[in-house]
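> Next come the chains, spelled out residue by residue.
Number of protein chains: 2
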Amino acid sequence: MQIAICLYGFGNVGREFVRLLNRKAPYLKSRHGLEPRVVSIVTRKGGIRAESGIDCPVLVNLANAGTLSDQEGFVGGDPSDLDAWLPPMREGDVRVLVDATWSDLDTGEPALSRLKDAARRGCHLVTLNKAPLVADFDGMAQVARESGVCLKFSGAAAAGLPAIDTVRVSLAGAQVDSIEGVLNSTTNYILTAMSDDGLSYEEALRRSRAMGLAETQPERDVSGIDTACKILILANAAMGARKRLGDVKVTGITEVTSREIAYWAVQGRTLRLIGRAVRTADDVSIEVKPTPVPYKDFLAQVTGDSKGVRFTTDVFGELTIVGGSGGPSAAASSALKDLINLAKAVGGEQGHIS
Amino acid sequence: MQIAICLYGFGNVGREFVRLLNRKAPYLKSRHGLEPRVVSIVTRKGGIRAESGIDCPVLVNLANAGTLSDQEGFVGGDPSDLDAWLPPMREGDVRVLVDATWSDLDTGEPALSRLKDAARRGCHLVTLNKAPLVADFDGMAQVARESGVCLKFSGAAAAGLPAIDTVRVSLAGAQVDSIEGVLNSTTNYILTAMSDDGLSYEEALRRSRAMGLAETQPERDVSGIDTACKILILANAAMGARKRLGDVKVTGITEVTSREIAYWAVQGRTLRLIGRAVRTADDVSIEVKPTPVPYKDFLAQVTGDSKGVRFTTDVFGELTIVGGSGGPSAAASSALKDLINLAKAVGGEQGHIS
Numbered sequence: 091m092q093i094a095i096c097l098y099g100f101g102n103v104g105r106e107f108v109r110l111l112n113r114k115a116p117y118l119k120s121r122h123g124l125e126p127r128v129v130s131i132v133t134r135k136g137g138i139r140a141e142s143g144i145d146c147p148v149l150v151n152l153a154n155a156g157t158l159s160d161q162e163g164f165v166g167g168d169p170s171d172l173d174a175w176l177p178p179m180r181e182g183d184v185r186v187l188v189d190a191t192w193s194d195l196d197t198g199e200p201a202l203s204r205l206k207d208a209a210r211r212g213c214h215l216v217t218l219n220k221a222p223l224v225a226d227f228d229g230m231a232q233v234a235r236e237s238g239v240c241l242k243f244s245g246a247a248a249a250g251l252p253a254i255d256t257v258r259v260s261l262a263g264a265q266v267d268s269i270e271g272v273l274n275s276t277t278n279y280i281l282t283a284m285s286d287d288g289l290s291y292e293e294a295l296r297r298s299r300a301m302g303l304a305e306t307q308p309e310r311d312v313s314g315i316d317t318a319c320k321i322l323i324l325a326n327a328a329m330g331a332r333k334r335l336g337d338v339k340v341t342g343i344t345e346v347t348s349r350e351i352a353y354w355a356v357q358g359r360t361l362r363l364i365g366r367a368v369r370t371a372d373d374v375s376i377e378v379k380p381t382p383v384p385y386k387d388f389l390a391q392v393t394g395d396s397k398g399v400r401f402t403t404d405v406f407g408e409l410t411i412v413g414g415s416g417g418p419s420a421a422a423s424s425a426l427k428d429l430i431n432l433a434k435a436v437g438g439e440q441g442h443i444s
Numbered sequence: 091m092q093i094a095i096c097l098y099g100f101g102n103v104g105r106e107f108v109r110l111l112n113r114k115a116p117y118l119k120s121r122h123g124l125e126p127r128v129v130s131i132v133t134r135k136g137g138i139r140a141e142s143g144i145d146c147p148v149l150v151n152l153a154n155a156g157t158l159s160d161q162e163g164f165v166g167g168d169p170s171d172l173d174a175w176l177p178p179m180r181e182g183d184v185r186v187l188v189d190a191t192w193s194d195l196d197t198g199e200p201a202l203s204r205l206k207d208a209a210r211r212g213c214h215l216v217t218l219n220k221a222p223l224v225a226d227f228d229g230m231a232q233v234a235r236e237s238g239v240c241l242k243f244s245g246a247a248a249a250g251l252p253a254i255d256t257v258r259v260s261l262a263g264a265q266v267d268s269i270e271g272v273l274n275s276t277t278n279y280i281l282t283a284m285s286d287d288g289l290s291y292e293e294a295l296r297r298s299r300a301m302g303l304a305e306t307q308p309e310r311d312v313s314g315i316d317t318a319c320k321i322l323i324l325a326n327a328a329m330g331a332r333k334r335l336g337d338v339k340v341t342g343i344t345e346v347t348s349r350e351i352a353y354w355a356v357q358g359r360t361l362r363l364i365g366r367a368v369r370t371a372d373d374v375s376i377e378v379k380p381t382p383v384p385y386k387d388f389l390a391q392v393t394g395d396s397k398g399v400r401f402t403t404d405v406f407g408e409l410t411i412v413g414g415s416g417g418p419s420a421a422a423s424s425a426l427k428d429l430i431n432l433a434k435a436v437g438g439e440q441g442h443i444s
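Those protein sequences? They're chains A and B, same order as listed. When you read off a place in the first sequence, starting at 1, and then add 90, the result is the number in the working numbering. When you read off a place in the second sequence, starting at 1, and then add 90, the result is the number in the working numbering.
This is chain A alone, in the form it adopts within the complex (with noise of 0.2 Å):
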């Protein structure tokens, strides 16, 4: 199957997919008969562009090389003008529009219109970008179902955990009654060593900031706002909460002190930033707050980068998948494994074992 991709953004994500990519040609090609090529790589001013793929040493090179407006063949344009970077309409196929830039989060913008139109224009979709599905996930599927097109996105809600997926697959036919993960690395690096080697909170957050863990804005961590998005997502995927970001209760961890967590060592607890999705009687009620969790409980084994979730469900009881270490390479990969189920699901796969 031939996949012409659009790729929206070239920071350390999009340059690891490309890597990828091309590291894992000869595989996809053998193991799931997936030819895929890099149509366009999209910017903020324009972009690289080649209509039967841009050759894979140049690829590479542009994954290892400066800012992409520097680099040979760059051409200046609207990022939203889709008609200039969607590849063209070819019999035999499959598009897909890869988003790894960053975006609003109370808007979605520039992204969520982009995507919709690109679906609307028949062109799947795979997002690393969790602002479109935060700010409009109902509307996102709307338009992906009304245009039959794939809306994938394990790699937007703790890429590398494949908590998507498994609600998807692993889970079909059961219910999902709640789901509480240990979604965010910095705050639960803080915790840790916070809880570990009885450091202050200032004082684990500059270390975790020296770790290069903390992202450029650390706020967004330590506030729940990243933990809180990843379980509003979960949940609305999962759960069919149509809840919005406005809609979950959020606590996070700046005011946690040492006396706090070694108030709760003593009763055998540690503290954990957990986003937690209940279904209540005829609605989701979703919250994010440092949580006591005892120390035999998985989550309080979720340490370093890994992230860790649980489903509870009707008929599989309780489920725990704990791993997806952060990372560019992490999200690169779900964004690689999101394109891999993508053409399975378009091609209609037949005669599979698994």
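Don't read these hints as lab results, they were simulated from the structure. Please read these numbers as outputs of a predicted model, since none were measured by experiment. Watch out, some of these pointers could steer you wrong.
[To be verified] Below, a list of computed lysine to any residue pairs in the SDA-like style, where the Cα atoms sit at most 20 Å apart:
| hint | chain 1 | residue 1 | chain 2 | residue 2 |
| --- | --- | --- | --- | --- |
| 1 | A | Lys386 | B | Gly358 |
| 2 | B | Lys333 | B | Leu195 |
| 3 | B | Lys386 | A | Pro382 |
| 4 | A | Lys386 | B | Asp387 |
| 5 | A | Lys119 | B | Val405 |
| 6 | A | Lys386 | B | Arg359 |
| 7 | B | Lys386 | A | Lys119 |
| 8 | B | Lys386 | A | Glu292 |
| 9 | A | Lys333 | A | Glu162 |
| 10 | B | Lys386 | B | Val405 |
| 11 | B | Lys386 | A | Glu236 |
| 12 | B | Lys386 | A | Gly330 |
| 13 | B | Lys386 | A | Gly358 |
| 14 | A | Lys386 | B | Asp287 |
| 15 | B | Lys119 | A | Gly330 |
| 16 | A | Lys386 | B | Val368 |
| 17 | B | Lys386 | A | Asp387 |
| 18 | A | Lys379 | A | Glu292 |
| 19 | A | Lys386 | B | Lys333 |
| 20 | B | Lys386 | A | Lys333 |
| 21 | A | Lys386 | B | Lys119 |
| 22 | A | Lys386 | B | Asn151 |
| 23 | B | Lys386 | A | Lys379 |
| 24 | A | Lys386 | B | Ala283 |
| 25 | B | Lys386 | A | Pro384 |
| 26 | A | Lys386 | B | Pro382 |
| 27 | B | Lys379 | B | Gly336 |
| 28 | B | Lys379 | B | Thr282 |
| 29 | A | Lys119 | B | Gly330 |
| 30 | A | Lys206 | A | Glu236 |
Based on the hints, put chain B in the right spot on chain A.
Chain B in isolation, oriented as in the chain A frame:
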């Protein structure tokens, strides 16, 4: 989508599957657009059939009644005579054979020949029976592939724990370098009771029997053979291992002593019966043996009738899943899940959101 089901085996799992189908019917229709009907139920000496589907109330009555052959409508016949039992080809029907029988682990028979035969007739396969997969995984996969039918078996290796789904979907694009897991409830219960309650092996085995945990043939559990079957299926399916049961080095728990457990406890470790498959330079080695696991390891935390498995991969790092409380309900739910995912694959799911 109309799904015509031929169910082989009507023990606890088969009965639970029928109940579940009935209970989930409205959900299957509204959420997945699926209308499954059970066309035949086959046991050792014959079965019950109705081309238009056995009526729901009748089905539920059968599930709650005694031996099938004593029920109204039972007709004698050879279960291997597929002409008699498979749903007839009908425009728009997807035909599925669900196997909930037991077979011989060495030969896979009588299920193996029957399943292959059904595949060649264009019937999709869902097997909860691990024997045909243990005896001839490659043969089963090849026949399914050549016949263009799906072969689903998520309930055949650690039912309820979505190990196979995880590899196929959540880890798509990744190379699995190792799989290690706690895959058998009985042995895990015995080792936990020896460790936590200071019981001897014999006392712990007796207690597991009293609790109804140990199966009718506890030898398969305590000898490690059940774990060997499961890790073998996982290694063949997820790592392309192409191994047979004889290739698995198996040590059970019958020789484990209280003294050994106490020795490891002092070292901060607990004994678990671990099935492990590891990719080597040009092969995969598979082993089952009691293994001291650090208390902080996720696999040490797998208790009760849960199971746990950890995958190590090239691009996603480690991923651990814990869950899948055993019993007929988990196995039946796995078969239902397979049915849903099979229908999606056959239908060429378009416009799907995940």
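> Evaluate each hint against the coordinates.
Structure-based check of all given hints:
Among the hinted pairs, A/Lys386 with B/Gly358 is consistent with the structure: their alpha-carbon atoms are about 15 Å apart, no more than 20 Å. Note on B/Lys333 and B/Leu195: the hinted pairing holds, with a Cα-Cα distance of about 14 Å set against a maximum of 20 Å. Distance restraint check for B/Lys386 and A/Pro382: the Cα-Cα separation of roughly 18 Å lies within the 20 Å cut-off, and the hinted pair is therefore satisfied. With a CA separation close to 11 Å, the supplied pair A/Lys386 and B/Asp387 stays within the 20 Å bound.
Between A/Lys119 and B/Val405 the CA atoms are separated by roughly 18 Å; this keeps the pair inside 20 Å, and the hint holds. Distance check on the hinted pair: A/Lys386 and B/Arg359 sit about 15 Å apart at the alpha-carbon level, within 20 Å; holds. A threshold of 20 Å between alpha carbons decides the hint, and for B/Lys386 with A/Lys119 the separation of about 40 Å lies outside it, so the pair is violated. For a cut-off of 20 Å, the pair hint linking B/Lys386 to A/Glu292 is broken: about 28 Å separates their Cα positions.
Proposed proximity of A/Lys333 and A/Glu162 is contradicted: the alpha carbons are some 45 Å apart, above 20 Å. Restraint check for B/Lys386 and B/Val405: the C-alpha separation of about 24 Å exceeds 20 Å, so the hint is violated. For a cut-off of 20 Å, the pair hint linking B/Lys386 to A/Glu236 is broken: about 48 Å separates their Cα positions. At roughly 35 Å between alpha-carbon atoms, B/Lys386 and A/Gly330 are farther apart than 20 Å, so this suggested pair is violated.
Pair hint B/Lys386 plus A/Gly358 holds up; C-alpha atoms about 15 Å apart against a cutoff of 20 Å. Proposed proximity of A/Lys386 and B/Asp287 is supported: the alpha carbons are some 17 Å apart, at most 20 Å. Between the alpha carbons of B/Lys119 and A/Gly330 the distance comes to roughly 17 Å, so the proposed pair stays at or under 20 Å and holds. Distance hint between A/Lys386 and B/Val368 is unfulfilled; the C-alpha atoms sit about 28 Å from each other, more than 20 Å.
Annotation: proposed proximity of B/Lys386 to A/Asp387 holds, straight-line Cα distance about 11 Å (limit 20 Å). For the given pair, A/Lys379 sits about 19 Å from A/Glu292 by alpha-carbon distance, which is consistent with the 20 Å threshold. A threshold of 20 Å between alpha carbons decides the hint, and for A/Lys386 with B/Lys333 the separation of about 36 Å lies outside it, so the pair is violated. Annotation: proposed proximity of B/Lys386 to A/Lys333 is violated, straight-line Cα distance about 36 Å (limit 20 Å).
With a CA separation close to 40 Å, the supplied pair A/Lys386 and B/Lys119 exceeds the 20 Å bound. Taken as a hint, the A/Lys386 and B/Asn151 pair is broken in the structure, with Cα atoms around 43 Å apart against an allowance of 20 Å. Annotation: proposed proximity of B/Lys386 to A/Lys379 is violated, straight-line Cα distance about 25 Å (limit 20 Å). As the CA atoms of A/Lys386 and B/Ala283 are separated by approximately 17 Å, the hinted pair is consistent with the 20 Å bound.
About 13 Å separates the Cα atoms of B/Lys386 and A/Pro384, which keeps this hinted pair within 20 Å; it holds. A hinted pair counts as satisfied when its Cα atoms are at most 20 Å apart, and A/Lys386 with B/Pro382 qualifies at roughly 18 Å. For the proposed pair B/Lys379 and B/Gly336, the alpha carbon gap of about 15 Å is at most 20 Å, so the pair holds. Between B/Lys379 and B/Thr282, the direct Cα distance comes to roughly 15 Å. Compliance with the 20 Å bound is thereby established for this hinted pair.
Between A/Lys119 and B/Gly330 the CA atoms are separated by roughly 17 Å; this keeps the pair inside 20 Å, and the hint holds. Our distance criterion of 20 Å between C-alpha atoms is met by A/Lys206 and A/Glu236, whose separation comes to about 11 Å.
Hints 7, 8, 9, 10, 11, 12, 16, 19, 20, 21, 22, 23 from the list above are not met by this structure, while the remaining hints are.
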